[in-house]
Amino acid sequence: MGLFIAQLLTGLANAATLFLVASGLSLIFGVTRIVNFAHGSFYMLGAFVGYSLMQVLPGAIGFWASVLLTGLVVGLIGVIVEVLVLRPVYKAPELFQLVATFGVILVIQDLALMIWGAEDLLGPRAPGLKGVVRIMDEPVPLYDLALIAITPFVLFALWYLISRTRIGVLVRAATQDREMVAALGVNQSWLFTGVFFLGAGLAGLGGAIQLPKGGADLLMDFNILAAIFVVVVIGGMGSLPGAYIAAVLISVLNVFGVSYLPQSTLVLMYIVMAIVLTVRPYGLLGREEVVGEHGQVGEPERPIKPAGTKARVMVAVMLMALLALPLADSHFLVILTTDIIIFCLFAASLHFLLGLGGLVSFGHAAYFGGGAYAAGLLVVHVNAPMELAFVLAPLGAGLAAFIIGWLCLRLTGVYFAMLTLALAQLLWSLVFQWDEFTGGDDGLVDIWPAAWLSEANSYFYFTVIVGVGGILLLRHVAHSPFGYALRASRDSQRQAEATGINTKRIQWMAFTMAGALAGVAGALFVFSKGSVFPNELEITKSFDGLIVVFLGGVKTLSGGVVGAASLELVKDYLTRIEYWRLALGLLIIVVVVLAPNGIVGSLRKAWERLRGTPADEPSTTAPVALTSASAGTQESER
Amino acid sequence: MNSAESAVLKVEGLSKSFGGIHAVSDVNFELARGELLALIGPNGAGKTTCFNMLMGQLRPSSGNVYLNGEKITGQKPRRIWRKGVGRTFQITGTYQSMTVIENIQMALISHHRRLFSLRPYATRLYREEAMQLLELVGMSEQAERACAILAYGDLKRLELAIALCHEPTLLLMDEPTAGMAPSERIALMQLTADIVQERNISVLFTEHDMDVVFAHAHRLMVLNRGELIANGTVEEIRNDAVVQEVYLGGGSLFAAGDTHA
Amino acid sequence: MMKRKNTRVALAAAVGLTVTALLGTAGSALAADAIKIGEINHYKRMAAFAEPYKNGIELALSEINEAGGVIGQPLEFIYRDDQGKPGEAIKIAEELVNREGVAMITGSILSNVGLALSSFAAEKKVIYLAAEPLADGLVWEKGNDYTFRLRSSTYMQASMLAEEAAKSDAVRYATIAPNYAYGKDAVAAFKKALLALKPDVEFVTEQWPGVFKIDAGAEVQALERAKPDAIYNVTFGSDVAKFVREGTTRGLFDGREVYGLLTGEPEYLEPLADEAPEGWTVTGFPWYDFEEGANKTFVDAYQAKFEESPKLGSLVGYMTAQSIAAAISRAESVDTEKLRQAFLGLEVDTPVGRITYREQDHQSTMGAFVGKTTVRDGEGVMVDWSYRDGANYLPSDEEVARLRPASQ
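Chains as they are written, first to last, in the numbering used here: chain A, 1 to 638; chain B, 1 to 261; chain C, 1 to 408.
It should be emphasised that the hints constitute simulated quantities derived from the structure, not laboratory data.
Some hints could be false.
Derived CB-CB ranges, DEER-like [stated by the list, open to error]: (1) A:Ala321 - C:Glu347: 41 to 47 Å; (2) A:Val570 - C:Ala188: 40 to 46 Å; (3) C:Ala34 - A:Ala321: 34 to 40 Å.
Okay, derived cross-link-like pairs now, DSBU-like style, lysine-lysine, Cα gap no bigger than 35 Å in a straight line [unchecked claim]: (4) B:Lys10 - A:Lys305; (5) C:Lys296 - C:Lys36; (6) A:Lys91 - A:Lys504; (7) C:Lys213 - C:Lys227; (8) C:Lys227 - C:Lys54; (9) A:Lys571 - C:Lys124; (10) A:Lys605 - A:Lys91; (11) A:Lys605 - B:Lys76; (12) C:Lys167 - C:Lys125; (13) C:Lys125 - C:Lys54; (14) A:Lys504 - B:Lys83; (15) A:Lys130 - C:Lys305; (16) A:Lys310 - A:Lys605; (17) C:Lys54 - A:Lys571; (18) A:Lys504 - A:Lys305; (19) C:Lys213 - A:Lys130; (20) B:Lys71 - B:Lys83; (21) C:Lys372 - C:Lys54; (22) C:Lys192 - C:Lys213; (23) A:Lys130 - C:Lys372; (24) A:Lys571 - C:Lys213; (25) C:Lys213 - C:Lys372; (26) C:Lys125 - A:Lys571; (27) A:Lys305 - B:Lys71; (28) C:Lys36 - A:Lys571; (29) C:Lys305 - C:Lys372; (30) A:Lys571 - C:Lys305; (31) B:Lys71 - A:Lys605; (32) A:Lys504 - B:Lys76.
Since the model is a prediction, treat every value here as computed from it, not as a measurement.
Backbone N, C-alpha and C define an ideal beta-carbon position, used for all residues, glycine too.
Next comes chain A alone, as it looks inside the complex (with noise of 0.2 Å):
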């Protein structure tokens, strides 16, 4: 019974830090509708600050008051963030920001490193309460009672300014309804960097407060950002008391899952999140989302047409020079270019789903990693040739994504998104745990391809030819009618459903079909670098092919490949330099500054702008249009 009580109370200190950076997160999606990648960032911030910060302020009050002072000065970091990176970018089609965010997690990370050094940093203790107190014969650390007294004010407080004060007010009424807020007058871009200070600044004050059980490190980010958002979806997008208790949930769960289940560690939260979410769709204190929130918000695609003789004949020269490429003698640029096809495909394949279906998948990864993994088994364990291993491949990552799609398709948005995250990383943590079979985190090695194609050359020709192939294929379903019914259904699903169109359905096969060309992808990167790693269905994997999909242009046919060929170019030079992160990152927010329709938008806009105004300029109706669209929706939920 001590014991019990005892880990609950570790499970209670744990859910502190976890609630104040989820708390921030949530509160910065309700409002802004941005899903903040960055906010990871924020949180190491708020570690490092505090820690210099401790340094300097003695005693007691001195550490207490650096804990606040962080929470203050990652607040204006946050602040900084919104209004360099984010502000110029409100306007752009919806998850867009995410990209930026993406940016500034790189340069956070680079200017952490030059400040901070490479060193893990221990957190100082709190003074006064480094000791235990036994509680029925355990002992529980004081800090750990500290921690568990502050939580629920912090909670208090957050909740006495959302419904006691005008900001509170300003803030629900922008996360029920942001038009409305817009329309009452309020100045929505300082609604938004309040918010933005706000949420950082409780990440911030996550970073610090962990600091007497932990300390500083440069892999916190990425460490702490899937729980968050796991955090974030079981409470409810934008609940604060979700969030809460969403935090104590996971953090209880996993110190019984430690103690009991010690190979759980894992996987426990996502498992968490999967039920949850098929019995509570929105979380537990969440709402139901506005169906057309997140589908197409902002200018809606322009119409596609299959390409003209010009177009083609551009295709068809550019495949011959691909085709050429080798002549130059220059063997990496044939490797190089190999990785490009293969990720390009890869994107191509999300961007099927995410264009064309408005179907944001955050764990594309899992089919791509898949179908390496499918590959690269047979041949492990079966000893297959190259040859059928290609064949079952996509077969193997398309039945993954045919049974993720068939769960996921029941929520929309961005619990749908936040589903597919949470099926893949348990993809990626089977592969990772059952290590007998998977290999583990040591991987599959020596998957070499068949004698034919052994010669880097051959195996760039087969590249091209299955890689390009795939691409062509996608873009020639975009014009089918299946492609046209996939656009239907992200278009308006009501007016899809009314005239007959079974959109699940449709969006189902588009799932699993992107899911089968990711599985292409993945057994051509195999064979090319003859090893496979768990990191392959990671959800760095799933972040890199939204980015690229995302500043390549998410509503124009060629984005994905457009925006994988350049982001993999770029990097291949910018990895070289030793602050490579920091260039990347800031490159990626100018992209995301000056393009915010994507590259391949933004350069069409440009050149319609350079040849006059286009024939056919929505900007000015389609607000009109889609406020109505989705009063329209909410009218007929009546």
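Guided by the hints, dock chains B and C onto chain A, whose structure is given.
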């Protein structure tokens, strides 16, 4: 009017409540072949809720809907559509990223069950059929324009063309002229009336503009607070005491014409 | 509106300039006739480990090149960051081999990147010296003709600790290790070695926190619940710091023997400062206590050059460059086949003594320092340490032959 056997649409005891609030209660009516039936009532009377139950967007709390004698209560909109019911919405829901003609082609593709086809290009399918429909609603010049830049009245006409794609026997039109200029309204309703008469389609529509209603409806039903309070010809409704009171209480609709912008 | 656009452009221009400035630092001019070695590492993702390692290489290189280089040519390393991704490492390896014309490749700290590079080396017939990765598989079940490994492996270091553990009275053991391949290997090796020496030992619980995601309070409670006599720790980095702090606070280590793999390395002990655990038996690198000999010379030279204390990584980096120089000298060529022959049985004089790259499994006999932790002048240090020669902690030749299918 006609007997139950020839009714295209028959509604029995249709009710819907949201958390204890009765949005629609015990609505009964029939719709004959070729008939234009208007459903009127003040804002919040439950007209859209009623429509959503007929087309399957909402599941009724109780009651039944029969289409040509077949029970369709609670079926999904896409199944009801396949049985020959077309619908237009109060707020249009056309596909913004497509051109005008592609919007029609999309519905035709669905009608011909080619949704999962990968060949040929969608733009090449049923083009002539789509063009004919556009001509019918007078929009053939705008065929290649992006839907996102259409004027609102044109969107309404486009929606009508889409609703006609699968040669429906019944059209459900929720405020077909909402948001249009008065002259446009008359024209659109005249167009609709001509088409349905020619094709012998039954129409149930809601409308705020009484000029439109009186000009084209064969029969009227009045819904107030979820209940059907009157059902009859234009003359009968004009002289109905209960209806008078309802509308006089909330400002006469007859006099004010359209209050819904 | 116009004004806002201007500020946006100005901001973009400013950032653009910074990027250009950063780009300017890219690429270093290499001496034309230098022998180039490709060094692939996680310079960003594991900066705390990679930087001292790189310094070690630089120190060795300056010494080697001052003495006239190898086979009459200067030796150069090309450092590249792989972001900690195996696929990226392979791409870089391709480039280094094909575009830069490196004689061989080395690098990686993470075992998975090491394994990927090893597979690449075998397929493309390039020599790969795995300097830091500890995975046993690198030289055994996944070993190949082209891969050699410098640092003492998981198996060797776990055996050293098991040897010490067998001397104590403890019977009930608990283990805590990061939940990935390295942690699992380290626990399996320790169990095997300890059970061989002391069959009555019992393992009462195994804890598997996610790497760098430890929930230290919960782990300490779970370990306490099992009431072990002794604990075997494999966690490292920020995990071990949190574990030590929680464990000390809650009295987990009171009256218990603790064996810590790598815990004595300055990389992990230094950040703990005066909170370093007392009396743990660990492997590590007590550079502060060297009084004479090659070790001392290395430490002095390192501190003089970089004005900071060496880490274990520094030593490994130094020995990496030494080993490569020795192999090239012995081969008198950079031809891959000759280099490969030269590595087989290669003897290198290093700060820790003479090491040999074994012919049977390509593992060097570099050993490790084993000692007890304590706090001295507010710093965590190792005392009562001794250097254990790696040669004594490797399985018999027959077993190695069985473990290593590639050599059959």
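Quick rundown of the hints versus the structure:
A C-beta distance of roughly 53 Å is found between alanine 321 of chain A and glutamate 347 of chain C, which places it outside the suggested range of 41 to 47 Å. Between valine 570 of chain A and alanine 188 of chain C the Cβ separation comes to about 43 Å, which falls inside the hinted range of 40 to 46 Å. Remark: the range hint 34 to 40 Å for alanine 34 of chain C to alanine 321 of chain A is upheld by a beta-carbon distance near 35 Å. With a C-alpha separation of about 44 Å, the suggested pairing of lysine 10 of chain B with lysine 305 of chain A is violated against the 35 Å cut-off.
Between lysine 296 of chain C and lysine 36 of chain C the alpha-carbon distance is near 29 Å, which keeps this suggested pair within the 35 Å criterion. For a cut-off of 35 Å, the pair hint linking lysine 91 of chain A to lysine 504 of chain A stands: about 29 Å separates their Cα positions. For a cut-off of 35 Å, the pair hint linking lysine 213 of chain C to lysine 227 of chain C stands: about 24 Å separates their Cα positions. Of the pairs offered as hints, the one joining lysine 227 of chain C and lysine 54 of chain C is violated, with about 43 Å between alpha carbons and a cut-off of 35 Å exceeded.
Only pairs whose Cα atoms come within 35 Å are accepted, and lysine 571 of chain A paired with lysine 124 of chain C is accepted, the gap being roughly 25 Å. Between lysine 605 of chain A and lysine 91 of chain A, the direct Cα distance comes to roughly 15 Å. Compliance with the 35 Å bound is thereby established for this hinted pair. For the proposed pair lysine 605 of chain A and lysine 76 of chain B, the alpha carbon gap of about 41 Å is over 35 Å, so the pair is violated. Pair hint lysine 167 of chain C plus lysine 125 of chain C does not hold up; C-alpha atoms about 45 Å apart against a cutoff of 35 Å.
For the hint pairing lysine 125 of chain C with lysine 54 of chain C, the CA-to-CA distance comes to about 25 Å; that is within 35 Å, so the pair holds. Annotation: proposed proximity of lysine 504 of chain A to lysine 83 of chain B holds, straight-line Cα distance about 20 Å (limit 35 Å). A hinted pair counts as satisfied when its Cα atoms are at most 35 Å apart, and lysine 130 of chain A with lysine 305 of chain C does not qualify at roughly 40 Å. Of the pairs offered as hints, the one joining lysine 310 of chain A and lysine 605 of chain A holds, with about 20 Å between alpha carbons and a cut-off of 35 Å not exceeded.
With a C-alpha separation of about 22 Å, the suggested pairing of lysine 54 of chain C with lysine 571 of chain A holds against the 35 Å cut-off. Taking the CA atoms of lysine 504 of chain A and lysine 305 of chain A, the gap is about 25 Å. The hint holds against a cut of 35 Å. A hinted pair counts as satisfied when its Cα atoms are at most 35 Å apart, and lysine 213 of chain C with lysine 130 of chain A qualifies at roughly 22 Å. Simply put, lysine 71 of chain B and lysine 83 of chain B have alpha-carbon atoms about 11 Å apart, close enough for the 35 Å limit, and the pair holds.
A distance of roughly 28 Å separates the Cα atoms of lysine 372 of chain C and lysine 54 of chain C; the hinted pair therefore holds under the 35 Å criterion. Proximity of lysine 192 of chain C to lysine 213 of chain C is assessed by CA-CA distance (about 27 Å); at most 35 Å being required, the pair is judged to hold. For the hint pairing lysine 130 of chain A with lysine 372 of chain C, the CA-to-CA distance comes to about 25 Å; that is within 35 Å, so the pair holds. Straight-line distance between C-alpha atoms of lysine 571 of chain A and lysine 213 of chain C comes to about 29 Å, which keeps the hinted pair within the 35 Å bound.
At most 35 Å may separate the alpha-carbon atoms for a hinted pair to count; lysine 213 of chain C and lysine 372 of chain C meet this at roughly 27 Å. A hinted pair counts as satisfied when its Cα atoms are at most 35 Å apart, and lysine 125 of chain C with lysine 571 of chain A qualifies at roughly 27 Å. Simply put, lysine 305 of chain A and lysine 71 of chain B have alpha-carbon atoms about 42 Å apart, too far for the 35 Å limit, and the pair is violated. Of the pairs offered as hints, the one joining lysine 36 of chain C and lysine 571 of chain A holds, with about 23 Å between alpha carbons and a cut-off of 35 Å not exceeded.
At roughly 29 Å between alpha-carbon atoms, lysine 305 of chain C and lysine 372 of chain C fall within 35 Å of each other, so this suggested pair holds. As the CA atoms of lysine 571 of chain A and lysine 305 of chain C are separated by approximately 33 Å, the hinted pair is consistent with the 35 Å bound. Between lysine 71 of chain B and lysine 605 of chain A the alpha-carbon distance is near 52 Å, which puts this suggested pair outside the 35 Å criterion. As the CA atoms of lysine 504 of chain A and lysine 76 of chain B are separated by approximately 12 Å, the hinted pair is consistent with the 35 Å bound.
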